[in-house]
Every structure is written in C-alpha cells, then in structure tokens.
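Quick mapping for you: the protein sequence lines, in order, are chains A and B.
Number 178 in the numbering used here belongs to position 178 of the first sequence; there are no gaps in the numbering.
Position in the second sequence counted from 1, then plus 1000, gives you the numbering used here.
These are computed hints drawn from the structure, not numbers from a lab.
Careful, some of the hints might be misleading.
Mimicking DMTMM-like on lysine to aspartate or glutamate, the simulated pairs with C-alpha atoms at most 20 Å apart in a straight line are [claimed, not checked]:
{"no.": "1", "chain 1": "A", "residue 1": "Lys230", "chain 2": "A", "residue 2": "Glu248"}
{"no.": "2", "chain 1": "A", "residue 1": "Lys201", "chain 2": "B", "residue 2": "Asp1086"}
{"no.": "3", "chain 1": "A", "residue 1": "Lys201", "chain 2": "B", "residue 2": "Asp1110"}
{"no.": "4", "chain 1": "A", "residue 1": "Lys201", "chain 2": "B", "residue 2": "Glu1256"}
{"no.": "5", "chain 1": "A", "residue 1": "Lys201", "chain 2": "B", "residue 2": "Asp1064"}
{"no.": "6", "chain 1": "B", "residue 1": "Lys1243", "chain 2": "B", "residue 2": "Glu1256"}
{"no.": "7", "chain 1": "A", "residue 1": "Lys192", "chain 2": "B", "residue 2": "Glu1067"}
{"no.": "8", "chain 1": "A", "residue 1": "Lys201", "chain 2": "B", "residue 2": "Glu1067"}
{"no.": "9", "chain 1": "A", "residue 1": "Lys183", "chain 2": "A", "residue 2": "Glu3"}
{"no.": "10", "chain 1": "A", "residue 1": "Lys201", "chain 2": "B", "residue 2": "Glu1061"}
{"no.": "11", "chain 1": "A", "residue 1": "Lys201", "chain 2": "B", "residue 2": "Glu1062"}
{"no.": "12", "chain 1": "A", "residue 1": "Lys201", "chain 2": "B", "residue 2": "Glu1058"}
{"no.": "13", "chain 1": "A", "residue 1": "Lys127", "chain 2": "A", "residue 2": "Glu226"}
{"no.": "14", "chain 1": "B", "residue 1": "Lys1032", "chain 2": "B", "residue 2": "Glu1058"}
{"no.": "15", "chain 1": "A", "residue 1": "Lys183", "chain 2": "A", "residue 2": "Glu43"}
Here are some, though not all, of the chain B residues that point toward chain A, as calculated from beta-carbon distances under 7 Å [said to hold, decoys possible]:
{"no.": "16", "residue": "Gln1066"}
{"no.": "17", "residue": "Glu1067"}
{"no.": "18", "residue": "Asn1068"}
{"no.": "19", "residue": "Ile1070"}
{"no.": "20", "residue": "Tyr1082"}
{"no.": "21", "residue": "Asp1086"}
{"no.": "22", "residue": "Asp1088"}
{"no.": "23", "residue": "Met1089"}
{"no.": "24", "residue": "Gln1090"}
{"no.": "25", "residue": "Thr1102"}
{"no.": "26", "residue": "Gly1103"}
{"no.": "27", "residue": "Ile1104"}
{"no.": "28", "residue": "Lys1106"}
{"no.": "29", "residue": "Lys1111"}
Ideal placement from N, C-alpha and C gives every residue a C-beta, glycine not left out.
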Amino acid sequence: MTETKLMKGNEAMAEAAILAGCDAYFGYPITPQSEVLEYLAREMPKHNRIVMQAESEVASINMVYGAAGAGFRAMTSSSSPGISLMQEGISYIAGAELPCLIVNVNRAGPGLGTIQPGQGDYFQSVKGGGHGDYKMIVLAPASVQEMADFVYLGFDLADKYRNPVLMLSDGAIGQMMEKVQFKPYTRPAVDKSWATTGKPKTRNRNYITSLFIQPERMEQHNLKLEEKFKKIRENEVRFEEINTADAEYLFVAYGLSARICQKAMDIARDKGIKIGLLRPITLYPYPYKRLEELAAQVKMMLSVELNSGQMVEDVRLAVNGKVPVEFYGRMGGMMPTPEEIVHHLETLIQYHHAN
Amino acid sequence: MPTEEHVLPDTALDVIAPACHDEEEYEMVYHKPTTMVNVAMHYCPGCAHSLVHKLIMEVVEEMDIQENTIGIAPVGCSVFAYEYMDIDMQEAAHGRACAVATGIKKLMPDKYVFTYQGDGDLAAIGIAETLHAINRGENILIVFMNNAVYGMTSGQMAPTTLAGMHTTTSPDGRDVSYYGAPIKVSELMANLPGAFYVSRQAVNSANAVRRTKKALQNAFKYQQLHKGTCLIEIIGNCPSNWKMTPVEASKFIDEEMVKTFPLGDIKVPKGV
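Given the sequences, and given the hints that come with them, work out the whole structure.
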C-alpha cells in the first residue's frame, strides 16, 4: 500500500522529482520556493544525482539546457521574478526542442512584488513569455498531491513532445501542507538518439540549436513546431469539472483560485444557485472546446483569478459572446474569501437578470 | 590579387573534397583534420576563427577523443562552429556557454567539454556565467577568442576594445574615462582558485600558431586530471572590422594588441 505523508507542496514536488528519475536539478533561491533547492541539496546526492545552486536563474535555465541537450532529465524551479529571468533560456529550449521541467511557484507582481501567492504569470506562461513562436505545456496543480503527480506527468510529456513543460503553481499550494501519496511510477522508454553524448564513428554528429539562419529553413522549423503544438492541443487538454451536470452558472478557475471556488460553490448551492466549476488543469493547451459546449448550457461564466483578469480572455475566446463572461480577482497576494466570491456572483446574477 | 582559379565554385558552400591531383608525384604531408566537416567556412579572409577551429579539431583528432568531446558554440561570428567541427555540439544563448557546459559536464564528468566564445559573449553579457564556472573549477576548457570587437554585428566596441580604438560605437576611439579600460579577462580569471591553466596566445604567425596548438593540447590533457578550469585566450585577427588587410591585422596584434594583452602563460599548474 502506498504510504500517505504530510508534506509541503514544494517538498512533495522535490521528492517526486527524485522518484521520477530527475538526473539534475539546477536552481537559485527565491521565496516562496527555496525549499525545493534545500530539499534536493540534501536528498539528490544520496541518489547520485546532480543538484546545483547556480549563480542566477539565467545560469540555472542554461544548465538545464546543457543537461537536457545531453539527454538527461533536468529541471529547475523558481518564482515569478526568477522565471522572468529564465524566459530567454526557455525560448532557446523550446526552439532547440529540449525536454525539461520548469516549475513556477507564482508570487504576486509586477516587479519585486510580494512573496505572497498570485496568478499574475498566466499570460507569461501560456502566451509565450520569451521571444518567438513557441508554446510550453502548462500544468496547474491545485493541491500538494498534484504538485507531486504533475512532476511525473510533466517529465513524461516533455519527453513525449521534446518540449519544455511548465508547472504553474503558486505560493499557497507550494507552501501549504497536505497529505500526499507517491504513486508507483514507471518511466516510459524514450528515444534520445538526438542527444549530444559524444559522436561515435557510426553516426553523424548531433547538434542542439535553435538557429536556422536561412528563412526557408527557419520557416520549416516553425512549421514543424506548429505541427507539434497542434498535436499537443488535440491530445493533452486536461480539466476537472465539478457540479456541471445541472449547472446554470459556471466558475472557471485554476490552482488556488479553484480551491477557493469549490468552497464558494458549496455556499452558493446551499443558497439554491446552481453553479458548477470548470478547473483547467492544462492552461496550455486550454479547454476551449469544453467551455464552448458549456456556453450552450449555462447563463453566465465567472472567471476567478488572483490577478487583474488574464485567463478570462481565454474563457471569452472559447465562449465567443454566447453568454456573459465575468471576472472577479484579487491582487497583491490578497485572496478572496469564498463569501466574497459568492456575494460578487449574486450581484452579477441580479445584474444580468435585470438586463 | 585573386585570379580566376581562386574563385570558389558554386558548389563551394556544399562540399569541397580534398584533392591531390598528382598523388604519384607528390607525398601528402598535410591534411585537414578528419574531425572537421568538409565544407567551406563563412569566415572572412584573414580571420582567426577558421584557424582556431582547425587547431582544436587537430587536437581532438590527435588525442582520438572525437567520441568523447562535446563543444559549445557561442553567439557571435563563431555561432556556426557546429557546422564545421565534426563533433557533438550545443549552440548556447549569448553569453551562456559556460552554464550550458556546466550542465553537460556535471552529468558526463568523463567527457571532454569545451566552450568557444568571443569577447562580447564571454566578457560582456556572459562574464557572470564565465566567472562562476571558473570559480567552481568546472573541469572544462574555455576557448576565449578576443579580437577586441563585436564581429558578427559588424564592429561595435567590446569590453576588450583597446583604449582609443575606433569602433562603430566608439567613433572617436574608446574613452576609458567613460567606458573603463579594456578587461584583461585572463589575468582576472587566473586569480580564481578554480582556474587551473590560463594562457593567452595568438595565431598571427607560424610560431604563434604552434604555441596556441601547444596550449590547446595542454588544456585538453589537463581535463583528464579533473583539477579545474582551463582558459585559453586567443588574440584573434579581425581584418574586416579593424578595416585592415590580413597582413596589417597580423602586424596590429604584434604592435598594439599585445601592449594591452601580453601573450604567454598566465597560470601554469605545477607538477603536471
């Protein structure tokens, strides 16, 4: 039987990295995720794995580039300002098609912001934070259990598509303690014959690059990437639905906001408001299709986020004007209470009923 | 003056096969290293890069370590190094070669890992990655091509541009009261305990080429010892951006560059 442990999200994620066979972790301290580097600095050497505190997030993402390019399972983690510094490296990793896992324990910004949780990095995560046309697969955990589970999933998806995967958590999910189980995991066999391991006489040289100076070749590379992103959109959309069968209204929320919305949903249902919740698990690819279907069923959707309204744009894209899509959010590390959300929901229902 | 037969054929950019037309009459005494890809290079006439690429690949061939060598190409003129060196390579972001090399070497400590970087790449945008890799004593070789200008972007001022030297972004000559003095990277890095072997060489004469080759041979051999970082700075000719002929550029190194960047070993390991 799998043992149940009580752990912080960040530590569960670090432990899962070891169990997922992560060969190397490169990181730089930043609140609220310094536990990851601390945990791995202690534990990785016991497993003969590489752990390194780099001189900056710029260096750590490029160390990941080198290790991933040599065919190893490599990861890094950071929080918002550090993830901003990594954007250059992430763009190169996506361009060179290297599999790796990056974790952002989102804090509130912009700038130095605060160390409290936020979801202000949604656009940066899903729309391409670095330069050029690329996408990352973005996984949004809403529990300590998912912070562990998505490490396995993240590494496997990265290998499957030769693409960087981002786990977009936040300061609350990363810091809070919950029960977690580490499920048995078998690493799928993956062909990495492209890796730079040293050129034997029996094969041509391998090189890792994102440079295609001739426009014709660059466009071919772009088209190849787009084909991959299309496959990802077709096959990797993940979401959770709660109480949508009879729903007249719908919360759309991910991560920590989804946890708060679950409680808000219970309160609203006690008041007789038939509301459901759609929680995107993959923020890229985004569950546009399911939201479009639900737009034919519900009277209104409310996107709840810890930012000024970012994901709501994707909800509106999906719904395409069929029903009103509203937004409620708090910023700066402040979190809405479930009652506050319900109050806002009731106000909106009255407003739309009157109009 | 170039004559018609010196003009490269249209196929030159694909493959140029080495040819000896009178094999019976002549003895082959020199060949391009087999560790190089047999294509024409894009470098300007008189540029140091093609020569240094060849020297590195000669060492790889002589030590028979092609299968165990991984190179990191920079951003700059030598961004295409992996088109010419027939080994596994990774192309790094501008300045990040030493971080990329660290990621590789930490996981494959018995491979030979080297970076090839210019002065803008290493001494400006990438000086933090370089300094920390050397300070950790990463067991890699850093080949640092110093030609005192940004080559690929066509001749802007570099951190190593000589005092008073004219570049496109220092049109009146480098003003050290405004931009500081040229950074002596090798002297700076040699102070770090992680630096095992530091040498500054040039390739502007036959003797200089021989000394550079020797330094590269040493550095590759030292990598087997796992004792720290080797840094070989090479003063590179850049006739195009110095607005000189190749011969003038070679003279400029001897007459001007060496005043700021004296050649020779800077840090030599004892007892090896």
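Each hint, compared with the structure:
Proposed proximity of Lys230 of chain A and Glu248 of chain A is contradicted: the alpha carbons are some 32 Å apart, above 20 Å. At roughly 10 Å between alpha-carbon atoms, Lys201 of chain A and Asp1086 of chain B fall within 20 Å of each other, so this suggested pair holds. Distance hint between Lys201 of chain A and Asp1110 of chain B is fulfilled; the C-alpha atoms sit about 19 Å from each other, no more than 20 Å. In summary, the hint linking Lys201 of chain A to Glu1256 of chain B is not supported, as the alpha carbons are separated by about 44 Å, beyond the 20 Å threshold.
The suggested pairing of Lys201 of chain A with Asp1064 of chain B holds, with an alpha-carbon distance near 11 Å, which does not exceed 20 Å. At roughly 15 Å between alpha-carbon atoms, Lys1243 of chain B and Glu1256 of chain B fall within 20 Å of each other, so this suggested pair holds. At roughly 17 Å between alpha-carbon atoms, Lys192 of chain A and Glu1067 of chain B fall within 20 Å of each other, so this suggested pair holds. Taking the CA atoms of Lys201 of chain A and Glu1067 of chain B, the gap is near 7 Å; set against the 20 Å cutoff, the hint holds.
Of the supplied pair hints, the one linking Lys183 of chain A and Glu3 of chain A holds, its CA atoms being roughly 9 Å apart against a limit of 20 Å. A distance of roughly 12 Å separates the Cα atoms of Lys201 of chain A and Glu1061 of chain B; the hinted pair therefore holds under the 20 Å criterion. Taking the CA atoms of Lys201 of chain A and Glu1062 of chain B, the gap is about 15 Å. The hint holds against a cut of 20 Å. Simply put, Lys201 of chain A and Glu1058 of chain B have alpha-carbon atoms about 16 Å apart, close enough for the 20 Å limit, and the pair holds.
Taking the CA atoms of Lys127 of chain A and Glu226 of chain A, the gap is about 14 Å. The hint holds against a cut of 20 Å. At most 20 Å may separate the alpha-carbon atoms for a hinted pair to count; Lys1032 of chain B and Glu1058 of chain B meet this at roughly 8 Å. For the hint linking Lys183 of chain A to Glu43 of chain A, the alpha-carbon distance of about 19 Å falls within 20 Å, and the restraint holds. Satisfaction of the interface hint for Gln1066 of chain B is found here, the shortest Cβ-Cβ separation to chain A being roughly 6 Å, below the 7 Å cut-off.
The beta carbon of Glu1067 of chain B is positioned within 7 Å of a beta carbon in chain A (closest approach about 5 Å), and the interface hint is therefore held. Interface restraint check: Asn1068 of chain B against chain A, minimum CB-CB distance 5 Å, threshold 7 Å, status holds. With a cut of 7 Å, the hint placing Ile1070 of chain B at the interface with chain A holds, because the nearest CB-to-CB distance is about 5 Å. This hint holds: Tyr1082 of chain B has a C-beta 4 Å from the nearest C-beta of chain A, less than the 7 Å allowed.
For Asp1086 of chain B, the interface hint holds, since its Cβ comes within 7 Å of a Cβ in chain A; the closest pair sits about 5 Å apart. Interface restraint check for Asp1088 of chain B: the shortest CB-CB distance to chain A comes to about 4 Å, inside 7 Å, so the restraint holds. The interface hint given for Met1089 of chain B is met, as the beta carbon of that residue sits about 5 Å from the closest beta carbon of chain A, less than 7 Å. Below 7 Å, beta-carbon pairs count as interface contacts, and Gln1090 of chain B has one with chain A at about 4 Å; its hint therefore holds.
Here the hint on Thr1102 of chain B is kept, as its CB sits about 5 Å from the closest CB of chain A, short of 7 Å. With a cut of 7 Å, the hint placing Gly1103 of chain B at the interface with chain A holds, because the nearest CB-to-CB distance is about 3 Å. Hint on Ile1104 of chain B holds. Least Cβ distance to chain A is approximately 4 Å, under the 7 Å limit. Residue-level restraint check for Lys1106 of chain B holds (minimum Cβ-Cβ distance to chain A is 5 Å; threshold 7 Å).
Annotation: interface hint on Lys1111 of chain B holds; nearest CB of chain A at approximately 6 Å, less than 7 Å.
This entry does not satisfy hints 1, 4, going by the numbered hints stated previously.
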